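Residues per chain are reported as follows:
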Amino acid sequence: MRPGNNELDDETLVASVALADRGAYAVLVQRHAMRYRALAFRMMGDMAQAEDIVQEAFTKLWTHASRFDGAKAKFTTWFHRIVVNRCLDEKRKRRLDPLPEGFDQADDCATAEEALASEGAAHEIRAAVETLSDRQKTAVILSYFDGLSNQDAADTMELNIKAFESLLVRARAKLREQLMQEKHSLITALGQEG
Amino acid sequence: MKPMTVEEFELLRVRYGSDTSLWPEDKRVAAEAFLASEEGALFEASERALDELMRKDQRGDLQGDVEADAFLSRLLDIPATNSQQIADVHQPSSRNGFFALLEDVRSFFSPLALAAQGGAFAVVLALGVFVGSGTAEVETMTLDLSSMYFSSDADLYFGEGE
Chain W
1 MRPGNNELDD
11 ETLVASVALA
21 DRGAYAVLVQ
31 RHAMRYRALA
41 FRMMGDMAQA
51 EDIVQEAFTK
61 LWTHASRFDG
71 AKAKFTTWFH
81 RIVVNRCLDE
91 KRKRRLDPLP
101 EGFDQADDCA
111 TAEEALASEG
121 AAHEIRAAVE
131 TLSDRQKTAV
141 ILSYFDGLSN
151 QDAADTMELN
161 IKAFESLLVR
171 ARAKLREQLM
181 QEKHSLITAL
191 GQEG
Chain A
1001 MKPMTVEEFE
1011 LLRVRYGSDT
1021 SLWPEDKRVA
1031 AEAFLASEEG
1041 ALFEASERAL
1051 DELMRKDQRG
1061 DLQGDVEADA
1071 FLSRLLDIPA
1081 TNSQQIADVH
1091 QPSSRNGFFA
1101 LLEDVRSFFS
1111 PLALAAQGGA
1121 FAVVLALGVF
1131 VGSGTAEVET
1141 MTLDLSSMYF
1151 SSDADLYFGE
1161 GE
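Line order of the protein sequences matches chains W and A. First residue of the first sequence? That's 1 in the working numbering, and the numbers climb one at a time after it. First residue of the second sequence? That's 1001 in the working numbering, and the numbers climb one at a time after it.
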């Protein structure tokens, strides 16, 4: 008996998508869409933009599935690469676009009081991750929030494993430093109030 | 045994994870010695705190997501609104015959087209050689130019047009 689409692996499903199989496409959406949405949201910090990027990536999957070569890479590595590169492009574009006149940019750095009032841990780590370079941030997100193995994350970023591990070490060191600074400023703020 | 440095421990922790009991034997022994030191214990405490913060934030991802269904249905609609590249290639052209063929120049460089072109070239070449070898012998010059030096009637050949 022919297995249903739900039992097929990603690579086989992509081969069916290339032959215009909408059922296979739907299984890939159900299986992976939310994960890539969370990943793009982590990268962009804006849900509407994250959804647009993932929608674009799935459109590409539908229209260009024949370009995927299952012998060269896993589907998830290929798709991660599409989503991550699109996020990095968008961030680069965002930096190049000048802000409209009279636009008041929100201060991303929380003051000590705001930090105290916020949910705490989640706010603290997100603020620290925002201080990382794009590459460091991508490495941290892929490894700790998306749960990829070091090898898969390195493949996604098109780095060798040693370069990826060094990048992750530097990112963690910067996060620790950042969190330490935040703690010091909290203690200082509390001391001044008291 | 050489004591492990913070940098070495940091890199190995990224490579093998926070649970040192799962590390390769030789590295595990050195790591445990490092963790027993004051510097090692302090460093590991800060690493664990960082891991814990990231774990807490990971759980926050799944909370309060009301837009997910709308997002999924937008993705599922993509096949209805986008044609596949492969389908575009096979759509019938508005032109027919030779001009339709010219519309897609890329097709001239496909492996199949290159093989066909090579085959056609070989056939034409072979036909040319065959036809050439089958025709009458090429006429060679029969006029003996040296004859004018020895013959009094050389004008018969060269002087007619004057």
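What the hints contain is simulated information worked out from the structure, not anything from laboratory work. In this text, all values refer to a predicted model and were calculated from it rather than measured experimentally. Hints are supplied without guarantee of correctness; some may be wrong.
Said to hold, decoys possible - Cβ-Cβ distance ranges computed for the label pairs, FRET-style:
| # | chain 1 | residue 1 | chain 2 | residue 2 | range |
| --- | --- | --- | --- | --- | --- |
| 1 | W | Q151 | A | P1003 | 42 to 52 Å |
| 2 | A | V1006 | W | E7 | 22 to 32 Å |
| 3 | A | E1007 | W | G23 | 47 to 57 Å |
| 4 | A | K1002 | W | E7 | 23 to 33 Å |
| 5 | W | R81 | A | V1129 | 50 to 60 Å |
| 6 | W | K72 | A | V1129 | 40 to 50 Å |
Don't be surprised by glycine CBs; every beta carbon is placed ideally from N, CA and C.
- Item | Violations among the numbered hints, reported as their numbers in ascending order | Those not satisfied are hints 1, 2 and 4.
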